[in-house]
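2 protein chains.
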Amino acid sequence: MKPPRAALVCVGSELLAGQVNTHQAWLSVRLARAGFEVVGEESVVDDVARIAAAMRRALAAADAVIVCGGLGPTFDDVTREAAARALKRGLSFKPELWKTILARFARYRLPVPEENKRQALVVGGAEVLDNPNGSAPGQRLRARGRSLVLLPGPPGEMYPMFEAVLPRLARAHARGVHIAAVSVRLSGVPESVADERLAPVRARWPGARFTILAGSAEVSFHATAAAASAAAARAARARLRRDILGAVGEFAHAEGDATLESALGARLKARRLTLAVAESCTGGLIGGRITSVPGSSRYFLGGVISYADSVKTRRLGVPKKLLAAHGAVSRECAAAMARGARRAIGADVGLAVTGVAGPDGGTKEKPVGLVYIAVSGPGPREKVKRLEYNGSRESVRARAATSALRLAFDAAGR
Amino acid sequence: MKPPRAALVCVGSELLAGQVNTHQAWLSVRLARAGFEVVGEESVVDDVARIAAAMRRALAAADAVIVCGGLGPTFDDVTREAAARALKRGLSFKPELWKTILARFARYRLPVPEENKRQALVVGGAEVLDNPNGSAPGQRLRARGRSLVLLPGPPGEMYPMFEAVLPRLARAHARGVHIAAVSVRLSGVPESVADERLAPVRARWPGARFTILAGSAEVSFHATAAAASAAAARAARARLRRDILGAVGEFAHAEGDATLESALGARLKARRLTLAVAESCTGGLIGGRITSVPGSSRYFLGGVISYADSVKTRRLGVPKKLLAAHGAVSRECAAAMARGARRAIGADVGLAVTGVAGPDGGTKEKPVGLVYIAVSGPGPREKVKRLEYNGSRESVRARAATSALRLAFDAAGR
Chain A
1 MKPPRAALVC VGSELLAGQV NTHQAWLSVR LARAGFEVVG EESVVDDVAR
51 IAAAMRRALA AADAVIVCGG LGPTFDDVTR EAAARALKRG LSFKPELWKT
101 ILARFARYRL PVPEENKRQA LVVGGAEVLD NPNGSAPGQR LRARGRSLVL
151 LPGPPGEMYP MFEAVLPRLA RAHARGVHIA AVSVRLSGVP ESVADERLAP
201 VRARWPGARF TILAGSAEVS FHATAAAASA AAARAARARL RRDILGAVGE
251 FAHAEGDATL ESALGARLKA RRLTLAVAES CTGGLIGGRI TSVPGSSRYF
301 LGGVISYADS VKTRRLGVPK KLLAAHGAVS RECAAAMARG ARRAIGADVG
351 LAVTGVAGPD GGTKEKPVGL VYIAVSGPGP REKVKRLEYN GSRESVRARA
401 ATSALRLAFD AAGR
Chain B
1 MKPPRAALVC VGSELLAGQV NTHQAWLSVR LARAGFEVVG EESVVDDVAR
51 IAAAMRRALA AADAVIVCGG LGPTFDDVTR EAAARALKRG LSFKPELWKT
101 ILARFARYRL PVPEENKRQA LVVGGAEVLD NPNGSAPGQR LRARGRSLVL
151 LPGPPGEMYP MFEAVLPRLA RAHARGVHIA AVSVRLSGVP ESVADERLAP
201 VRARWPGARF TILAGSAEVS FHATAAAASA AAARAARARL RRDILGAVGE
251 FAHAEGDATL ESALGARLKA RRLTLAVAES CTGGLIGGRI TSVPGSSRYF
301 LGGVISYADS VKTRRLGVPK KLLAAHGAVS RECAAAMARG ARRAIGADVG
351 LAVTGVAGPD GGTKEKPVGL VYIAVSGPGP REKVKRLEYN GSRESVRARA
401 ATSALRLAFD AAGR
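Going down the list, the protein sequences come from chains A and B.
With the first letter of the first sequence counted as 1, position 159 gets the number 159 in this note's numbering; the numbers rise by one all the way through.
With the first letter of the second sequence counted as 1, position 396 gets the number 396 in this note's numbering; the numbers rise by one all the way through.
To be clear, the hints were calculated from the coordinates, so they are not data collected in a lab.
The model shown is predicted, which means the values in this text are computed figures rather than measured ones.
Please note that the accuracy of each hint is not assured.
[As the list claims (entries may be wrong)] Away from chain B, derived, C-beta distances all over 10 Å, residues of chain A:
(1) Gly40
(2) Arg109
(3) Glu196
(4) Ala344
[Stated by the list, open to error] Label-pair ranges, simulated between beta-carbon atoms:
(5) A:Glu115 x B:Arg242: 31 to 39 Å
(6) A:Pro95 x B:Ala172: 29 to 37 Å
(7) B:Lys364 x A:Asp257: 29 to 37 Å
(8) A:Pro160 x B:Arg175: 46 to 54 Å
(9) A:Thr74 x B:Ala230: 33 to 41 Å
(10) A:Lys383 x B:Leu245: 31 to 39 Å
Every residue, glycine too, gets a C-beta built ideally from N, C-alpha and C.
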């Protein structure tokens, strides 16, 4: 079965002036999981002719085209006009849509700028897509069996609108194809090792599609297989999942979209454990990631950023003698920091990181990229790990943080 | 004078499978600063025909086309083949290039995989671009007065190679146009206010191009103007810079690429001040950003992540009575945390944040998005600020961190 194809058009001059395009990655993962093959993406400046040309190219290459951005009320929002031109259709003003927009403004007691009327313009034949979080409605157009979907640019508006329309796009273009999708997130394993372990799974599933993506010491693995019925897809999913977890299950910290920090949080919550951190070379990155999870105050108490040695001795109780004998970047110091964090903060588990992030400060014995991570607790348990990373300061720090989170995840699961 | 146009082609199936494309933003800013108008970007999967088609489209639209990725040694690295096809030229094996690649592997005492020979294939008429940080050389091709530049995908390799070739692209395509470029980074000001203040500058410079980009409570403003000689460009740059700083100078923390955290670091270093943090709702984000700067150990000592109230009282000495009377999210608590961090860590300046990041935990008096930031020192000085943000947990936290860094920047400059 050939999978339906999707293409992306990202509209906005800011995307060609320094703003990072995050829609592309976000949409690609979700389209793939719904069974689409994403064949390309174009970013275009706010120009009717250029946007229309990009839409025509995308419609020639794909069954479903997702266009993001350019649906606002101002003069440079011209995606509606571009879609009308690309499909050679007219634009018409919809009074009932304008009423909805007015009602929305009234709810927030905001004055309605006259230019917002442009948001009630609809391309001929379009189905209007509701936008619960903003004033710009979306539009879905059909042309010669293909779909052109217009969505607003702000993620808070675009994400839920896309999630709402995706199942219908899949039904329209996958035509009887049911998708078995498995996403597994791994940590504590290099991409190459994960890849090797998964090779037999790939061989066993010749018709499936696989993607392996490496982040900062995290690897995510996505697999999709097509089936002829919903029941067959469910069965295939169970088998595919079993095969994948059989190969790399020991490294998996989550399935689906869950992050390592939320998986750690779920474990701590389930076991009613509290956590404290002691961060040297990561300087707060670990605490920052742990507290990115809503509700993390239920298990995370806080910690000490012990960047200077004086903070390690005074605030974490690392003995001066220990520092003199082994140095701040050592197995011994990491363990003492983890114990110190636990004691100073009054937590069940203490997690510590110390290392040489670079670019300077490396020596022959302790090169840039050398990192020790340690966990103390729950109970009398303790574990220290030595890691060596290549790469930039940023990459060393990010990978050290991930490895530490993984160490805590393992400790909380024992 | 019409600016030369540039277009980007980003090669790699991973870009259409969930990997975030950061090259697009990085390249766009630098091309604009060199005087190019960036008219579009395409991301394409690893497929010769699709890459070649994207190259042809880009060459039709722009004077200079930058292609990133697909120059590795493996079977799916087909950018060389695609360029040969797009320009209807041959590929030839260059023994001298192969020798350079072999020498590189020898330096690292690595065995040379046979498939690496593909990296010594060069498109007819190409100038080889040296890659000091990897085995994949780049190539620059000329066709009908236009440039097609092939660069490897890894940022550590691509960035310096692009910086090396950019001045030559500007000379080739800007033909006697000299560019005056000014980049200013602002914080502590909403984008709309910065935009309004800069409107008269835009009006005064009708021929210049302006871009305003908003990040997490940071705004960056880029301006370029074309001049007919190097001397005229220097003079225009001085005038443009004076106009821009006249309009928004009080909000500027840096020019060029410097971040707020590195600008803060430079001030602290110059005044020989040390810094400590106390983070509640940001959970470590501020420490993480401060320590992202190489050499930050010269002025950053560390801090306390006081997520739980018990940590605020026990580790920062915030009086229990104060917490009972005003709550953890209060002007009083923020000030006490800043003083506490300074004292506990032994620093000249203490910086604190406390707030309601959401999505839960808000009340009528203290809604989600309410944040207090405080700085204590140097000397007897103290300042507390109340902020109210809309948006997601992530956005509230990121903006709180930026505003706190800006507060410390101002304190260190007085």
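Hint by hint, here is what the structure shows:
For Gly40 (chain A), the condition that its CB be more than 10 Å from all CB atoms of chain B is violated, with the nearest at approximately 5 Å. With a least beta-carbon separation of about 15 Å from chain B, Arg109 (chain A) lies farther than 10 Å from that chain, consistent with its non-interface assignment. Here Glu196 (chain A) stays apart from chain B, with its beta-carbon at least about 15 Å from theirs, past the 10 Å limit. For Ala344 (chain A), the non-interface assignment is contradicted: its Cβ lies about 7 Å from the closest Cβ of chain B, within the 10 Å cut-off.
Separated by about 34 Å at the C-beta atoms, Glu115 (chain A) and Arg242 (chain B) satisfy the suggested range of 31 to 39 Å. Distance hint check for Pro95 (chain A) and Ala172 (chain B): the Cβ-Cβ separation is about 54 Å, which falls outside the suggested range of 29 to 37 Å. Under the hint 29 to 37 Å, the C-beta atoms of Lys364 (chain B) and Asp257 (chain A), about 33 Å apart, fit the expected range. Between Pro160 (chain A) and Arg175 (chain B), the C-beta spacing of about 49 Å keeps the proposed range 46 to 54 Å intact.
Separation of Thr74 (chain A) from Ala230 (chain B) is about 38 Å and conforms to the stated range, judged on CB atoms against 33 to 41 Å. Under the hint 31 to 39 Å, the C-beta atoms of Lys383 (chain A) and Leu245 (chain B), about 54 Å apart, miss the expected range.
Going through the hint list in order, the structure does not satisfy hints 1, 4, 6, 10.
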